[in-house]
Amino acid sequence: MKRFSTLILLLALFVAGCAPAATPAPEPVTLNVFAAASLTDAFTEIGNNFQTANPNVTVTFNFAGSQALRTQIEEGAPADVFASASAKEMEALVAGSFVNAESSQIFLNNKLVVILPAANPAGIDSIEDLAISGIKIVLAAEEVPVGRYSREALDKMNGAYGSDFKDKVLANVVSNEDNVKQVAAKVQLGEADAGIVYTSDAVAAPELATIEIPTDINVVAQYPIAPVVESANMELAQAFIAYVLSNEGQAILQKWGFASP
Amino acid sequence: MLGLFLLPLLAVFIRSINPDFFGYAFSKQALDALKLSLVTSTITTVCAILFGTPLAYMLANWKIRYKSWIELLIDLPIVLPPSVAGLALLIAFGRRGLFGSYLNLVGVSLPFTTAAVVMAQMFVAAPLFIRSARVGFTNIDKQLEEAANVEGANRWQMFREVMLPLTSKTLLSGAVLAWTRALGEFGATILFAGNLQGVTQTMPMAIYLGFERNLGVALALTVMLTLASIVLLLSTRWLEKTNCD
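As you go down the protein sequences, you meet chains L and C in turn. Under our numbering, residue 261 is the last one in the first sequence; the count climbs by one each step, no gaps. Under our numbering, residue 245 is the last one in the second sequence; the count climbs by one each step, no gaps.
One or more hints might be untrue.
Said to hold, decoys possible - Okay, the calculated beta carbon distance ranges per label pair:
#: 1; chain 1: C; residue 1: Leu76; chain 2: L; residue 2: Ala119; range: 30 to 36 Å
#: 2; chain 1: C; residue 1: Phe13; chain 2: L; residue 2: Glu230; range: 26 to 32 Å
#: 3; chain 1: C; residue 1: Ala92; chain 2: L; residue 2: Asp216; range: 39 to 45 Å
#: 4; chain 1: C; residue 1: Lys67; chain 2: L; residue 2: Glu45; range: 50 to 56 Å
#: 5; chain 1: C; residue 1: Asn18; chain 2: L; residue 2: Asn56; range: 43 to 49 Å
What the hints assert, rightly or not - The list that follows gives simulated cross-link-like pairs (lysine-lysine, DSSO-like), each with its CA atoms no further than 30 Å apart:
#: 6; chain 1: L; residue 1: Lys156; chain 2: C; residue 2: Lys28
#: 7; chain 1: C; residue 1: Lys28; chain 2: L; residue 2: Lys166
#: 8; chain 1: L; residue 1: Lys168; chain 2: C; residue 2: Lys28
#: 9; chain 1: C; residue 1: Lys35; chain 2: L; residue 2: Lys168
#: 10; chain 1: L; residue 1: Lys88; chain 2: C; residue 2: Lys28
#: 11; chain 1: L; residue 1: Lys88; chain 2: L; residue 2: Lys255
#: 12; chain 1: C; residue 1: Lys35; chain 2: L; residue 2: Lys166
Since the hints were made in silico from the structure, they are not lab data. For every residue, glycine included, the Cβ atom is placed at its ideal position computed from N, Cα and C.
Turn these sequences into a full structure, and let the hints steer you where they fit.
Set out below in structure tokens:
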């Protein structure tokens, strides 16, 4: 009996000792960020930092082509933040009232670059060589922003290398990949002789050789970011966007080959 | 359960009803994709039958060493995710792949070709046929075989006169399974064969890209693929019936 009462006493002490110490832990929250595939590496790092600063927050990413993300949001996918590789997809969401026009901000610039496998089996030395008949080029599909920009850049190259340059290059295209990472992967594996991706994708895959595209025939993509109107975590979504726009966030983006707007 | 099967299809059909449907459905991209899908899946199915039937027959009737390992190898593609299949094919038969680099030396490059589409489909679909053919051959009454033996039938006659007629139904249903699976193949194809209209862009690929560009195109293509599959299933059912009469 004595032992029993001692136990009770100890238990009581234990409970009493614990109660004041148990401060209400912040509710765990998940932030769903829908981001363009080209942001994969940079945003993963940004997300990790954001989680470290906000221990109760789990940042979940959905990386895909911007237009796929846009359709998913239109069809009711639970997104808190949308970071797009093109203004077009953001404008479509604004038009559909999924995003407020004034909350959308440009957070980075991205340029195009020609990539080659490190071994360069086709011996491509210049942008002009892309028109050599018989080489294998992989582009992103026209539906994907980077695919559209690539074709815009080819239009500009027509001015520099002759009016049939674009047609010649397009005749060498063996595949229109559904996102930019697939383009980099196919070139990296040596399945294709050349591809066009964002500078940031070339930085993310260092074993690629690159050929710079001069500014006058290049296309600069502007990436907008915005909270989604129906987000259940609007404050957190805005905090995340503020972090992306902060010096720290921009430094990470620059590290991965993007330029600040 | 039935609702789960029916409702999504119903939703697609209802959503796709709009004035632009025929414009989408008969666009060059949609027709190219439909043609390529039908051609490649037919080649896949024919190859699966040609090479799969003898293989299934041997597995069912002959004493082969390491038989259970061979069976495991054949069943594996059925359970593997198609993306694994695509990556494995690329690593093996790509230009710089383990075996593809030798093919490349003799001027054969498989990725981004229609042949790659067929290979990807074969990898994921043929095992379905072999599996049901093997079950069909195994289930034949041993007494019938013995009777045929007594009558003096050789192996070929036994196969042609006894086994094939008795298993035609199982073979046919296996072939349809393989055919529809090949028709729907996506994951392995996009990794190994890429996406180019008229060369490697099959229906499922065009639907995926349509989903990214314009839901209307994707919906029209989905309806067409569903209808094509229904026609395929119905015609086989009809074939099955006439076979039995």
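- Sort out whether Lys166 of chain L lies within 30 Å of Lys35 of chain C, counting only the CA atoms. holds, 28 Å
- Query: Would the pair Lys28 of chain C and Lys166 of chain L pass a check requiring their Cα atoms to be no farther apart than 30 Å?
  - Reply: At roughly 22 Å apart (the allowed maximum being 30 Å), Lys166 of chain L and Lys28 of chain C satisfy the hint.
- Message: With the threshold set at 30 Å, check whether the alpha-carbon distance from Lys168 of chain L to Lys28 of chain C stays at or below it.
- Response: Measuring from Cα to Cα gives roughly 22 Å; hence the hint holds.
- Please work out if Lys88 of chain L and Lys28 of chain C have their alpha carbons no farther apart than 30 Å. Since the Cα atoms of Lys88 of chain L and Lys28 of chain C sit roughly 25 Å apart, the hinted pair holds (cutoff 30 Å).
- Proposed proximity, Lys28 of chain C with Lys156 of chain L (alpha carbon, max 30 Å): holds, 28 Å
- Message: Is 39 to 45 Å respected by the C-beta to C-beta distance linking Ala92 of chain C and Asp216 of chain L?
- Response: Given a distance of about 43 Å, which is inside 39 to 45 Å, the answer is holds.
- Status of the given 50 to 56 Å range, CB of Glu45 of chain L versus CB of Lys67 of chain C: holds, 51 Å
- Query: Has the hinted range 30 to 36 Å been met by the Cβ atoms of Leu76 of chain C and Ala119 of chain L?
  - Reply: holds, 33 Å
- Item | Restraint status (C-alpha distance of Lys88 of chain L to Lys255 of chain L at most 30 Å) | Satisfied, since the Cα-Cα distance of roughly 26 Å is no more than 30 Å.
- Message: Can you confirm whether the C-alpha distance between Lys35 of chain C and Lys168 of chain L stays at or below 30 Å?
- Response: holds, 26 Å
- Query: Taking the beta carbons of Asn18 of chain C and Asn56 of chain L, is their distance inside 43 to 49 Å?
  - Reply: holds, 46 Å
- Task: For Phe13 of chain C and Glu230 of chain L, compare the CB-CB distance with the range 26 to 32 Å and indicate the outcome.
- Result: holds, 28 Å
The earlier numbered hints are all upheld by this structure, with none contradicted.
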